[in-house]
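Please model the complete structure; the sequences and the hints are all you need to start from.
Line order of the protein sequences matches chains A and B. Under the numbering used here, the first residue of the first sequence carries the number -6, and numbering increases by one thereafter. Under the numbering used here, the first residue of the second sequence carries the number -6, and numbering increases by one thereafter.
Wrong hints could be hidden among the right ones.
No copy labels: a pair is met if it fits in one copy or bridges any two.
[Stated by the list, open to error] Within a straight-line C-alpha distance of at most 20 Å, the following computed SDA-like cross-link-like pairs (lysine to any residue) qualify: (1) 76 - 64; (2) 249 - 387; (3) 514 - 89; (4) 338 - 473.
The hints are simulated quantities; they were obtained by calculation from the structure and are not laboratory data.
2 protein chains.
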Amino acid sequence: MKNIWTLPLYCADYTLFVVRKDVSGWDTRGLMWDEIIKQRWTNTTLNILLVDDVYLNGPTLDVNGAEDFIRESMRIITEDAVKKATDVREKVCEWHSPEDLKELLDLQLTDEGESDTRILERCRDAIRYSVKTTHPRFFNQLYAGMEPYSMVASFIIEALKPSLYTYEVSPVFTLVEDAVLRKMREVIGWKEGGDGIFNAGGSLSNMYAVNLARYHHCPDVKELGLSAVPRLVLFTSQECHYSISKAAAFLGIGTKNVYVVPSDNSVVFLGLQNSCIKYDTFGVKGLNVRVCDQGAVPFMVNATAGTTVLGAFDPIEEIADICEKHNLWLHVDACWGGAALMSAKHKHLLKGVHRANSVAWNPHKMLMACLQCCAFLVRDKTGLLQRCYSARASYLFQQDKFYDVSYDTGDKSVQCSRKPDAFKFWLMWKALGSKELEQRVDRAFAMAKYLAQEVKKREGFRLLMEPEYANVCFWYIPPSLRDLPDSTELWEKIHKVAPVVKERMMKKGSMMVGYQPHGDKANFFRMIIISPQVSRQDMDFVLDEIDRLGRDL
Amino acid sequence: MKNIWTLPLYCADYTLFVVRKDVSGWDTRGLMWDEIIKQRWTNTTLNILLVDDVYLNGPTLDVNGAEDFIRESMRIITEDAVKKATDVREKVCEWHSPEDLKELLDLQLTDEGESDTRILERCRDAIRYSVKTTHPRFFNQLYAGMEPYSMVASFIIEALKPSLYTYEVSPVFTLVEDAVLRKMREVIGWKEGGDGIFNAGGSLSNMYAVNLARYHHCPDVKELGLSAVPRLVLFTSQECHYSISKAAAFLGIGTKNVYVVPSDNSVVFLGLQNSCIKYDTFGVKGLNVRVCDQGAVPFMVNATAGTTVLGAFDPIEEIADICEKHNLWLHVDACWGGAALMSAKHKHLLKGVHRANSVAWNPHKMLMACLQCCAFLVRDKTGLLQRCYSARASYLFQQDKFYDVSYDTGDKSVQCSRKPDAFKFWLMWKALGSKELEQRVDRAFAMAKYLAQEVKKREGFRLLMEPEYANVCFWYIPPSLRDLPDSTELWEKIHKVAPVVKERMMKKGSMMVGYQPHGDKANFFRMIIISPQVSRQDMDFVLDEIDRLGRDL
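Below, the structure written as structure tokens:
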């Protein structure tokens, strides 16, 4: 499997070879290396092509020679990275500090290569010391669990190395992406047409949205830049994902031009009068806020369906009313909460989403498609996405091709090479059907409800809020703190509990649950429930385990 | 492998089950489904937990049950997507029009799922109808060939589903990325320190660079946006990748603020005087250009090492002189050409690259790491990258963790979830060593030289320029056009040849070679040589085949 010409070509055995010029004038010796090996004792006239001291005859990488290595590595992956990684009796992680792990892994890259045996050991080690995000006790992020169909789809992608820009290079995956985007738009409620693209992460989807909204508002920005237009501002709630702020920084809008609306009160722009932005709140608490801001021009509102920490849903219908009234682009960041659309029982959480101009939705989260799988969906039917993003690279998007070049979707993207992530969702959707996806979503909701009830029942646990979705947020209060009066001092103590419990669970490897402070709230645990591998017993285990790990604090 | 509770739970057999309230007040029946199956004929009191009509006892996805499916799919991948796909006797692609292929694939997503047998057929079909980018006769893009070590690394990633933001979730891959970035910086010639990040594509790397240069020039842009600063402009050559233009559009700079310098004459900013930008040329031809542009403030120069179409290298040393003189950020887009740095013989092409402020370099191109594998490397040692990109999300980057949080690299990224692509490069580098990587690069150069010589020798072929790198650009002129005088009319006819030849090679499936017009040049073929699976015989084949396919035109 190593390059064959790294064998000692100049060794004594080969001085028998007769070098001659071939008819085309090249210094050639013409046989492939394995033929040379066969003929090493026969004093044949050989014909090897040498250019700049490099032999160009025959391949120097033999993929068939790699077959044993590939088979053995697949065996290791199946045993260690699939079966063992998802086995509840195994650890979620085997913790080592960065310094220790560097020693264990021997990361140095050197001049000489290593044997296949050594590389297979390295594969085993990489798996062994990695966190098992597919383990039933991994609740740390907004993704979890193992989806076999999607994983297999991703193996196919990795083996074939397709890139989505032109139909000619990725015919299957181009059509698959189109089919999945169509179906997702249908689920959103956009009857016909529309547009979209899969890309490398929900953060990028939100950036696509901000840029598209800006282009829609003022197409000149693409050519002339923001220095040629008045200051643009956008609205989002305090609970939104941090990628909105990142988008504002990256896209040159500026983080201060993101108008953050206090949560529990969805404050939305009302109108531009006398060079003033006036905006007002609506929502449950009815708090009114008015701000006057010289020279700012609002162009979009970002609503969040399923916030990262609390799993809360902005009232899309009400926000859509205001956006329509003021001609603002409505983007719904449903990266996490979009999955609720698959459920007849729970899709009301996104009521009005069909009125959005764009939606970001990551099937790699609740729906368990293999990382990454992120759709950016657009209601527009006029080719806005293409106009906004196109650079018309003539070496890639030739217009004189022999097929319908509207299938060359690459010019809608900020990327050039782009992975066909939709396939990972498509194959599992084909296998499971919409019904099974719906049942999984319903089960996650039910499981979250169960966990929240248990938290409320148990001594020493305190629920932050009733879960709207699959996030269950709660404090653990060790016995030593339970009788203290509710005070700043108590909460300062509670704040220090979660980091210690987290450290202990990591070092024990029993589970992974995230914690964070949030606004004025002291550190609390955030359980995320996704995988159908998880049962009521795991919920009970998590609470028991936190209590075990934190009782003495 | 399907959710167990989709089985007919209410069927007659189970009416024997006694539902009771458990001590905690839940409506529970307590046994896992397989236990229920075992006990279906024994009239036992069962204990199943029901919440919102969903059964929460026991996992409803059994990964072990998926083992046969995973094994069988791995067999198909090895046979069809690895062995057959890389077999030179097989077709590069089996062409179907979008309409036909839609019929063949049956893309519709429905309520009901499909059997594993059917899903395995779908896997086979997806592979069958995909273009084999790993085939020895695929020369269509700036990547090609199959690298077994890297492919296996990517399988491990897909099975483990790691995401790079915090050390606690991706300990192994965080350290691996750090090691690879270090080594790549060493190859560039940055002795100690420095920074970097792997991300989803070379286009994004270039965007990182533009944003970082802008932040370096004026940190206020992050908060205040571009509307608060004078018009920023950047310089790049005409031959640069289109992502520079995309970056300018996306980042709010505006495509017109990309000052495009004619190629063959690297025009670089000389100084800002009297509110005028004056810039001047240098380089081989010594053409001078002066432009006066009111109010524009230059902040960076993008130099390209290995242009997309021609494989040309900008003179980095000379550009660095001017950048230093005028305090401009120098970014080198070495996405394609960076691999030459691995070769003692050819690294002179990037002479001066160590003077760049940032470098983009994609190991997934010439070095054959599995798609995508793209490094953005930064010379700065003061944490500029982190300051530029950070959003300090408190739910992810808690500062009260029990380990050194400087290993939480996620806040340097525009993404949130990010794939550990460096691992795909690291494992193959470990296996092959730097020496083997160097030999592969040298061989690609030699192969390109051979092909160029053959093009020059053969009747009906005309070389566009001597290759500097692994791009060989040439026209094919069919016999009917060979005796015509050199005229606009002739070139209009030549322009139409490549698209037809391309159509024929696609429909035959014999190979894939790209073509494009370029500036005032009529359509020409661009051969890209990368894979060690490719031999001199394949070069000869390409020229023979083009002649066979186009003789009658």
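Hint-by-hint comparison with the structure:
In this assembly of identical chains, the alpha carbons of residue 76 and residue 64 lie at most 20 Å apart whether taken from the same copy (17 Å) or from different copies (12 Å). Only between protomers do residue 249 and residue 387 lie at most 20 Å apart by alpha-carbon distance; the minimum there is 19 Å, versus 38 Å within a single protomer. Proximity of residue 514 to residue 89 under the C-alpha cut-off of 20 Å is found in neither arrangement, the shortest distances being 30 Å within a copy and 58 Å between copies. In this homomeric assembly, residue 338 and residue 473 never come within 20 Å of each other (Cα to Cα): the closest approach is 42 Å inside a single copy and 70 Å across copies.
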